[in-house]
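Chemist: To get our numbering, take the position in the sequence shown, counting from 1, and add 40.
Simulated from the structure, these hints should not be mistaken for lab results.
Just so it is clear, CB atoms sit at the ideal spot from N, CA and C, and this is done for glycine as well.
DEER-style ranges, computed between Cβ atoms: (1) Asn107 to Ala183: 37 to 43 Å; (2) Val137 to Thr86: 15 to 21 Å; (3) Tyr139 to Ala183: 17 to 23 Å; (4) Asp166 to Asn110: 29 to 35 Å; (5) Asn109 to Gly182: 36 to 42 Å; (6) His138 to Asn109: 14 to 20 Å.
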Amino acid sequence: MLGKGRCLRAIVATLGLIASISAGQLVSPGAAQAHCNGNGAGNTYTRDLIVNGVSYARETPVPGTCNLNNDYRTIIQSFLPGFRASLWFQNDGVWSVHYGPYTTAPVEVTYSDNNSHSLIHLCVNDLSGTWYCGWNGPYTGGAGQVTHNYFGTNTGF
Numbered sequence: 041m042l043g044k045g046r047c048l049r050a051i052v053a054t055l056g057l058i059a060s061i062s063a064g065q066l067v068s069p070g071a072a073q074a075h076c077n078g079n080g081a082g083n084t085y086t087r088d089l090i091v092n093g094v095s096y097a098r099e100t101p102v103p104g105t106c107n108l109n110n111d112y113r114t115i116i117q118s119f120l121p122g123f124r125a126s127l128w129f130q131n132d133g134v135w136s137v138h139y140g141p142y143t144t145a146p147v148e149v150t151y152s153d154n155n156s157h158s159l160i161h162l163c164v165n166d167l168s169g170t171w172y173c174g175w176n177g178p179y180t181g182g183a184g185q186v187t188h189n190y191f192g193t194n195t196g197f
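The task is simple: from the sequences and hints, build the whole structure.
Modeler: This is the structure we're talking about:
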C-alpha cells in the first residue's frame with residue numbers, strides 16, 4: 041500500500057502529465073493535410089474537429105469532387121446538439137465561411153476558388169458564443185470567436 045506522500049506525488053504527477061498533453065494540443069500546430077490529393081484522381085479525405093479526443097464535427101467530401109474544376113463539394117455536420125458546424129476556407133488571403141444549422145443534421149457545402157488550392161478548417165459554435173475551431177486534432181476553443189490557427193491545405197479539387 042502506498043503511503044500518503046507517495047500517493048499524493050503519484051496523483052500530482054498524473055495530473056501534470058494530463059495538463060501537459062492538453063496544453064500541447066492547444067499550441068502545437070498539426071500537419072496540413074489535403075482533402076484532395078492534388079492530381080484530380082478523386083481521392084478524398086474525411087476530417088474531424090476533435091476536442092479532447094471527441095469528434096465535435098466532421099467534413100466529408102462528396103465523391104467525385106476532386107476533379108480539378110475549382111469547385112469543392114462536401115458535407116459538414118455537427119455532433120453536438122445546439123451547435124452548428126461551419127466550414128472555413130481561405131483563397132487569396134481571404135477567409136470565407138459556410139454555416140450549417142444549429143442541429144446535428146448534415147448539410148452540403150460547395151465553394152469555388154480560382155486555383156483549386158485553399159486553406160480549410162472546421163468550427164462549431166452555439167448561440168451563447170462558445171466556439172471550437174481546428175483541424176483533425178489541434179483546436180482552439182471556449183468563449184470568444186473564430187480562430188484560424190489550425191487548418192489543412194486542400195488542393196486539386
